[in-house]
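Assemble the complex: chain A is given as a structure, and chain B must be docked to it using the hints.
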Amino acid sequence: AQSVTQLGSHVSVSEGALVLLRCNYSSSVPPYLFWYVQYPNQGLQLLLKYTTGATLVKGINGFEAEFKKSETSFHLTKPSAHMSDAAEYFCAVSVEADTGRRALTFGSGTRLQVQP
Amino acid sequence: DAGITQSPRHKVTETGTPVTLRCHQTENHRYMYWYRQDPGHGLRLIHYSYGVKDTDKGEVSDGYSVSRSKTEDFLLTLESATSSQTSVYFCAISALGNTEAFFGQGTRLTVV
Numbered sequence: 001a002q003s004v005t006q007l008g009s010h011v012s013v014s015e016g017a018l019v020l021l022r023c024n025y026s027s028s029v030p031p032y033l034f035w036y037v038q039y040p041n042q043g044l045q046l047l048l049k050y051t052t053g054a055t056l057v058k059g060i061n062g063f064e065a066e067f068k069k070s071e072t073s074f075h076l077t078k079p080s081a082h083m084s085d086a087a088e089y090f091c092a093v094s095v096e097a098d099t100g101r102r103a104l105t106f107g108s109g110t111r112l113q114v115q116p
Numbered sequence: 001d002a003g004i005t006q007s008p009r010h011k012v013t014e015t016g017t018p019v020t021l022r023c024h025q026t027e028n029h030r031y032m033y034w035y036r037q038d039p040g041h042g043l044r045l046i047h048y049s050y051g052v053k054d055t056d057k058g059e060v061s062d063g064y065s066v067s068r069s070k071t072e073d074f075l076l077t078l079e080s081a082t083s084s085q086t087s088v089y090f091c092a093i094s095a096l097g098n099t100e101a102f103f104g105q106g107t108r109l110t111v112v
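Protein chains in written order, with this note's numbering: chain A, 1 to 116; chain B, 1 to 112.
Calculated directly from the structure, the hints in this document are not laboratory data.
In this text the structure is predicted, and so the values were computed from the model without any measurement.
Treat the hints with care, since some could be wrong.
[Claimed, not checked] Only pairs whose alpha carbons sit at most 35 Å apart, straight line, appear in this in silico DSBU-like list of lysine-lysine:
hint : chain 1 : residue 1 : chain 2 : residue 2
1    : B       : K57       : B       : K11
2    : A       : K58       : B       : K57
3    : B       : K11       : A       : K68
[As the list claims (entries may be wrong)] To spell it out: a stretch of chain B is covered by chain A in this simulated footprint if at least three of its residues, at any positions, have a beta carbon under 8 Å from a beta carbon of chain A; those stretches are:
hint : region
4    : 78-87
5    : 102-112
Positions of the beta carbon are idealized from the N, C-alpha and C atoms, including for glycine.
Just chain A, with the same shape it has in the complex:
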């Protein structure tokens, strides 16, 4: 079975500083990887995804993530934080079961605070 670990339940950065949210996964088969963002009292919105191909993927709002198979990681970064980035971020993995079916498995989330 696959699993996702997000290091740090809370991360605080200053406006304009680098954002780094960490995600490690475990999977015995090639995974698809996702980052979602959740603003207060809302559903989840896809930031970016990795399925195959280029390991550096770019998403919305200036975020990007790099798939590193050797490190089983998919860390999310943004060069310069903005106040509007304050939200909760979830890393998720999807692998194909023997049945050929997939479902997302989520990490426990990281709440990002941006200080003025």
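This is chain B only, laid out in the frame that chain A set:
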């Protein structure tokens, strides 16, 4: 936004009562999922469906049942609600099993 409507959006119910949450989609996506979100646990999969009358259990399915009689509707039922089922419930849809899922706005359920 993907056409996903969850109802009700908020509900307070008493322990031991049955509760049904509804997820309705207008995207004609084949796959539908129910997750619950609790602090410190992220989102955990309850049940999912790969088509009409084709459902399967997720990691936290105890105490929950689902039904999908039409492509557009996926119902989650708590047969006898307990306080441990107080949570925010999210429905998600996916066009194929290997692409991203789109989420509804959530249903906040409180069992007292």
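Results for each hint:
1. B:K57 / B:K11: Holds. K57 of chain B to K11 of chain B sits at ~24 Å (cutoff 35 Å).
2. A:K58 / B:K57: holds, 33 Å
3. B:K11 / A:K68: violated, 43 Å
4. 78-87: violated (count 0)
5. 102-112: Satisfied; 5 residues make the cut.
In this structure, the hints that do not hold are numbers 3 and 4, in rising order.
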